[in-house]
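*Asks:* If you read the sequences in order, they're chains A and B.
The opening residue of the first sequence carries number 1 in the UniProt record's numbering; numbering runs sequentially from there.
The opening residue of the second sequence carries number 1 in the UniProt record's numbering; numbering runs sequentially from there.
Treat the hints as calculated values from the structure; they're not laboratory data.
Heads up, a few of these hints could be off.
Claimed, not checked - Ranges between beta-carbon positions, derived for each pair:
| hint | chain 1 | residue 1 | chain 2 | residue 2 | range |
| --- | --- | --- | --- | --- | --- |
| 1 | B | S164 | A | T445 | 43 to 53 Å |
| 2 | A | R155 | B | A345 | 45 to 55 Å |
| 3 | B | E349 | A | D244 | 22 to 32 Å |
Said to hold, decoys possible - Where chain A lies over chain B, by a calculated footprint (3+ residues, C-beta under 8 Å):
| hint | stretch |
| --- | --- |
| 4 | 300 to 314 |
| 5 | 327 to 336 |
In this text, a Cβ means the ideal position worked out from N, Cα and C, and glycines have one as well.
Number of protein chains: 2
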Amino acid sequence: MFEAAELGRKISREEFDALAPSLRTDLLDLQQQLRQADFPVIIVFAGVDGAGKNESVNLINEWLDPRWIMTRAYGSPSDEEAERPHFWRFWRDLPPKGKIGLFLSSWYHDPLIDRVHGHISTVEFDQSLLPIIRFEKTLADEGALILKFWMHLSRPAQKKRLKSLEKNPLTAWQVTDTDWKHYELYDKFVAAAERMIMQTSKGHASWRIVEGADSRYRSAIVLQTIKEAITAHLAARTAARKVDAELKDAARGKDEDATAPAALPPQPSILSSLDMTQDVDSAAYTQALQEQRARLAHLYRAAIEAKLSTILVFEGWDAAGKGGAIRRLTNALNARDYQAIPIAAPTEEERAQHYLWRFWRHVARAGRVTVFDRSWYGRVLVERVEGFCSEEAWRRAYGEINDFEEQLTRHGIVLCKFWLHITSEEQLARFKARGEIDYKKWKLTDEDWRNRGKWSEYEQAVNDMVERTSTHNAPWTLVAANSKSFARVKVMHTVADALEQALERLERHKKGN
Amino acid sequence: MFEAAELGRKISREEFDALAPSLRTDLLDLQQQLRQADFPVIIVFAGVDGAGKNESVNLINEWLDPRWIMTRAYGSPSDEEAERPHFWRFWRDLPPKGKIGLFLSSWYHDPLIDRVHGHISTVEFDQSLLPIIRFEKTLADEGALILKFWMHLSRPAQKKRLKSLEKNPLTAWQVTDTDWKHYELYDKFVAAAERMIMQTSKGHASWRIVEGADSRYRSAIVLQTIKEAITAHLAARTAARKVDAELKDAARGKDEDATAPAALPPQPSILSSLDMTQDVDSAAYTQALQEQRARLAHLYRAAIEAKLSTILVFEGWDAAGKGGAIRRLTNALNARDYQAIPIAAPTEEERAQHYLWRFWRHVARAGRVTVFDRSWYGRVLVERVEGFCSEEAWRRAYGEINDFEEQLTRHGIVLCKFWLHITSEEQLARFKARGEIDYKKWKLTDEDWRNRGKWSEYEQAVNDMVERTSTHNAPWTLVAANSKSFARVKVMHTVADALEQALERLERHKKGN
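Generate the whole structure from the sequences, applying the supplied hints.
*Replies:* Structure, rendered in C-alpha cells:
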C-alpha cells in the first residue's frame, strides 16, 4: 500500500515558490467562501513520526487565517473525559459550520497504538475501527467534509531522519528513546496502519497517503488536496441544495394535483396494542409511589457510589404528563445529583453543529442522573412530521441514534427511554382543563393544537421510532398514561429495575474478576 | 448573629398547607415572567449540616419547573478545573438570563472549611473572601439577582438531630463519623460563619439567616423570600429600563440642541508619546525574527513542561497588523499547543451570560497558549464608543477586567496585552492597499471606514483603557506599528521576555521550597 509513497518524490524550491503564492491566495479565498457554508471541514493527520504531521498542521495555520481554524491534539483523557464515552472528547471539539478543524493524535491514535503494542488482537482492532467508521459517516451524512492524511516515511528514511537529528547538536534533544523504540516497531506500525487505512477509507472519508520525506513535496500535496476538496465540496453542496429545492417544488406541485392514493386499511400499531385502561387506585398509588421512591433513593445512591451514570429520556404526546412523571421521579433524588435538560429549539451554537452535538454536550460525569425532557428523538418525531429535515435525514437518524445510544450503554450508562402514551380523547380533555387553571395556562400553546391536528402522522412516526430504536441495551418503555398515577409508578418502577439490574451486573462483574 | 435563628420558630401543618398552594402558583408564575427577563437568579445555600440546605434545593426543584432551574454542587475540582483559576468552575456553571441557578457547596465552601480547620488565619480568611465579594458584585452589576441563604441550627438542635437519626434503624446510615467530627467543630464553624456573613453581606447580595430546625418554617421562609426577591427584582429592572430609555431620549434631544462645549486644548496622550518612527531594516528584521522565534520555541516548551499557561491579548487599530503579528508569533509554536480565539460578535448563548463569561470559557488547560485576537477590552473600546453598553457599564468594566486578570495572573498564567498602534495616515494608506490586493479585499469592510471616522473617540478610549488597566501583573505593551517589522519583533521579544521571567520566578520558587 505504501510503495507509491516511497518513491522519493520531491519538489525543488523554485517549483514550490512558483506554486505557493497562488495556492495560498486560493486557500484564503476558499476560507472566506467556507465561512458562509453550511458544513465544517474536518482534517485528520496521522502517520509515521517525522513524516510531517505537525509541520503540515503548522503550515496550514500559517498560510490560512487561523481565526477560522481549530487545532486539536489529544493526550491521555482528563478525568472529565474518562468518565464519559470515548468519543465525547472528540464531539466536544468538533468545528462548527464554516470552520476547519485539524486533528492530531485523533480517534485513530488509540486503536492503532494498541494494535502495534499487541494489546488488542486483529479482530479487536477491526472492532475498534467500527465506531470510528460510524462517527465519520454520521458527520459526513450531515454534510461535513472529512479529509484524512496518512503521512508516510519508509523505514530507511525514518532511520536516516533520526540519525541526522541526533548528529546536529541543535536538534539532538528532539530524538528520545521513545523515538528509537517506535522505530523498532516500524514494521508492525506500518502493517497495522495498512489494515486501518483499508477498513476506514470510505467515499465520504478516504485516506490520502502522502510521501513525507520531502517537506516541500508533502506541503504542496497536502495543501493542494485541501484546496481541491473544499472547492469540490462547496460546489457539490450548492448543487445538492439546488436539486433539493427543485425536488421540493416538484413534490409540492404533485401534492396539490394528486388524487389521494389508495390507502391500506388501518393496521394495528405498537401504540394501539397498549392497554389504555391500566390504572391504579388512590391508596395503592400512594403506597406504590412511596415504595418506589424509597427503592430509587437507595438504588441511585448505590449507583453514585459505583460511578454508574443514568440517562433518562422522556418523550410523549403533549399533555401526556412528562413533567409530572419526571417530578415524581426526581423527588427521590437529591437535586445536586441530577440534571433535568429541557430540549427546545437549538441555540445558535447548537445549530452550527451536527444535530447530535447538543446531546453529547449534556452527557454528564460519572454517577450523575441526566433527565432529558424531550431528546434526540425530536429528529424522527417533530422534525420528521413538520418537515424540518429531509426524509433522507430522518431515515438515517435511526441508525445514528442507535449508534449514539450504543456508545452510552457500552460505557456502562443506564439508559431508559419512555414514551408516555395517552389517547386523543384524553389529550383533548387535558388541553381543556389546562386552559382553566391559571398557573397552567402558559403550558398550552397554539403549537399544541397544531400538533394535535397531526395526530396520525405523529402516531406513525412514534411507531417507526419504537420499531427501529428499541434495542436490547436501550429498549423503549411504552407507558399507558391515561392514568397519571399508573404512568408515574410505572416510570419509577422501570428506572428502579434498570438500576437494580445494572448494579447486580456490576457486582457479578466484580466478583468475576 | 444567630440568636434570632434559635428561637424555635415553627409553622403547623395546617398553616403551611394554607400557605402552600398560592405560594407555589405565584412562584410558577414568576418563573414564566423570569423566562423573558434580562437577568439570571443565583441562589446560594450554605449553613449548618442538617439545617435543610439540600432539602430546600430539592423543594425548589419540586415546586418550580425544573426545566428552568440549574442545580450545582461542588466536590474536589476535576483536573480540568484544577488547572484553571479557582472561579472558572463557577463561571462555567452560571445560569443564563431567565434561569435560576441553585448552588450548594459553592464558592463559600473552601474558605469556610479552611478556616474552621485552622488551615488559614483570620487574615487569610478575610483575604479569601475578597474574590467572592468581587465575583458577586460583578454579576449583580450586570443585573443578576443574588440570594444567599444561611441555614442555621443551634448546637443542641444539631446534637438532637444526629441522635435521633442514629436511633432510627432506617436513617442510622446517614450519620457518619464525619458528622460527629463536624459537630465537635460546631463553635468554630459558627464563629467563622458569622465573620463570613458579615464580610460578604452586601446590598446586592445579602445573606438571609434561616432557622432550620422546623422543615415547614424554613421552607416557607425560603420560598417566600425567593418569591419576594424575584418580584421586586423584576419590577426594579423594568423601572430601571424605563429610566434608562428616558435618559437616553433626553440625552439625544440635548445632543441635537446643544452648542459645542468649550473644549480643553488637546493634551498629550499615552499613545501620542509613542515614538512612531521606530523601525528595523530588512536584514536586521530577518535576523531578529529568527532569534526571537528560536527563543520562543525554546521557552514555550519549557513552559509546557512547567504547566505554565500563557494568555496573549491583541488589540489595536483596524489594519494595525494584529493578524500578521499573531502569525509570526504562533509560527514559533506547535499548532497543537496554542489556540487562536477571534473575538467577534457574541453568540446567542454568550449574550445570555455576563459579558466576561465568553472569555472565561476560553481559559485553557495548564501549559497552553491562548491568543485572543481582540478581547474583553471590547467593552471599554468598541462598546463604549458605539454606545453598545451604558456609560456606567463600561466605567465599571475597568475594575471587573482588573479583577479578571488578577485571577489569571494569581493562578500563575503569563498574561501579555498588546496595543498595536499606527497613525491615522498609515491606516489610510493600508486601507487603500487592501482594496487593491485580491485576497485581502474581504478584510476591508464598511465598518472599518466607520470606525476610522471615530478616530479621536477611540483614541480617548484607548488612553483611558491603558491608564486604568495597565497593572503590575498585567501591563499593556504599546507597540509602535507603523513599521510592521518593528512591531512583530517587539511583540515576540515581549512575549519571550515575559515567559523567561515567569520561568525564572518558578525556578526560584522551587529552589526556595
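*Asks:* Hint by hint, which ones does this structure get wrong, listed from lowest number up?
*Replies:* Hint 4 contradicted; others consistent.
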